[in-house]
Amino acid sequence: MTQTPDILCIGSVLWDIIGRSPTAMRLGSDVPGRITRLPGGVAMNIAATLARFGLAPAILTAIGRDAEGAELLAACARLGLVTDHAYLSEDLPTDRYMAIEGANGLIAAIADAHSLEAAGDKILRPLADGRLGTAENPWTGLIALDGNLTQSLLADIAASPLFAKADLRVAPASPGKAERLLPLLKHPSATLYVNLEEAGLIAHHPFATAPEAALGLLARGAARVLVTNGGKTCAEGTQGEGVIEDRPPPVLVTRITGAGDTFMAAHIVAERRGENRQNALAAALQAAATYVSGEIGS
1 MTQTPDILCI GSVLWDIIGR SPTAMRLGSD VPGRITRLPG GVAMNIAATL
51 ARFGLAPAIL TAIGRDAEGA ELLAACARLG LVTDHAYLSE DLPTDRYMAI
101 EGANGLIAAI ADAHSLEAAG DKILRPLADG RLGTAENPWT GLIALDGNLT
151 QSLLADIAAS PLFAKADLRV APASPGKAER LLPLLKHPSA TLYVNLEEAG
201 LIAHHPFATA PEAALGLLAR GAARVLVTNG GKTCAEGTQG EGVIEDRPPP
251 VLVTRITGAG DTFMAAHIVA ERRGENRQNA LAAALQAAAT YVSGEIGS
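Residues 1 to 298, numbered by the UniProt record's numbering, are exactly what the sequence shown covers, in order.
Please note that the accuracy of each hint is not assured.
[As the list claims (entries may be wrong)] In silico DSBU-like links for lysine-lysine, alpha-carbon gap of 35 Å or less:
id, residue 1, residue 2
1, Lys-165, Lys-122
2, Lys-165, Lys-186
3, Lys-232, Lys-186
4, Lys-186, Lys-122
Please keep in mind that the hints were generated in silico from the structure rather than gathered at the bench.
Can you make the complete structure from the sequences, with help from the hints?
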């Protein structure tokens with residue numbers, strides 16, 4: 001029997017291949033370290049964090065019918081994710097992400113999400129065929145949406161009746177894909193989770209601080225935004241209610257990949273249990289700090 005999910009996580013679910021070294025690195029560095037492979041992708045990271053908090057998230061994504069795909073689905077199921085609605089492709093391989101991290105932060109990363117992009121709106125079929133909703137009776141709960149989808153599909157989602165009643169939580173996959181979110185900027189039920197660089201790319205205007213970025217995105221029509229800035233002051237802005245801010249607790253950073261996804265998931269959970277704006281922001285910052293410090297498992 002298919003489990004009814006608490007939230008839908010739509011976007012990339014793939015294998016993360018991460019090389020980490022405790023040494024500061026530069027272009028051409030060749031240093032000792034550790035290389036890990038674990039389930040990743042923005043939608044996956046958000047879903048896994050939600051599951052750790054006791055929710056039942058469903059993933060809507062594209063996964064290949066290959067050995068890596070079967071292994072990935074099994075790993076997702078072990079983490080408590082609902083995988084029944086994932087699109088399984090006969091001819092598209094399972095996607096991958098590769099990153100190098102040093103003591104001085106993320107050195108470089110490549111996201112190969114071509115199968116997700118090629119699958120297009122096939123991943124949304126459960127929202128239209130009655131399994132999770134229809135155009136006449138759309139999904140009314142939470143949806144976490146990531147920017148690994150194509151800009152044309154994100155534009156379709158912005159105007160689609162399938163998403164008209166959902167509580168949309170939206171995150172770019174990376175600064176390089178931030179502008180894909182432009183169609184969703186003015187969606188009345190969308191909350192955007194971005195970092196300072198991504199906020200500037202979406203607004204086509206650089207910002208000096210997270211509170212300034214939050215005000216700038218609200219002025220451009222966003223309903224609600226959360227802007228992070230590493231270890232510096234972060235902000236949440238809501239139309240008609242202004243901007244609040246908080247600073248993450250200082251920690252020793254041991255990893256970066258997945259921190260923003262953890263922040264977003266923890267904020268969703270805090271709001272779901274009834275926390276006010278200030279407390280929800282603080283809870284999300286604490287969860288992200290705990291994650292980057294390495295105090296919880298990947």
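With the threshold set at 35 Å, check whether the alpha-carbon distance from Lys-186 to Lys-122 stays at or below it. holds, 25 Å
Agreement of Lys-165 and Lys-186 with the hint, judged by alpha carbon distance not exceeding 35 Å: Within the cut-off at roughly 15 Å; holds.
Next pair to validate is Lys-165 with Lys-122; report whether the Cα-Cα distance is within 35 Å. holds, 20 Å
Straight-line Cα separation of Lys-232 and Lys-186 no greater than 35 Å? Distance ~27 Å between Lys-232 and Lys-186 Cα, so the pair holds.
In this structure, every one of the numbered hints holds.
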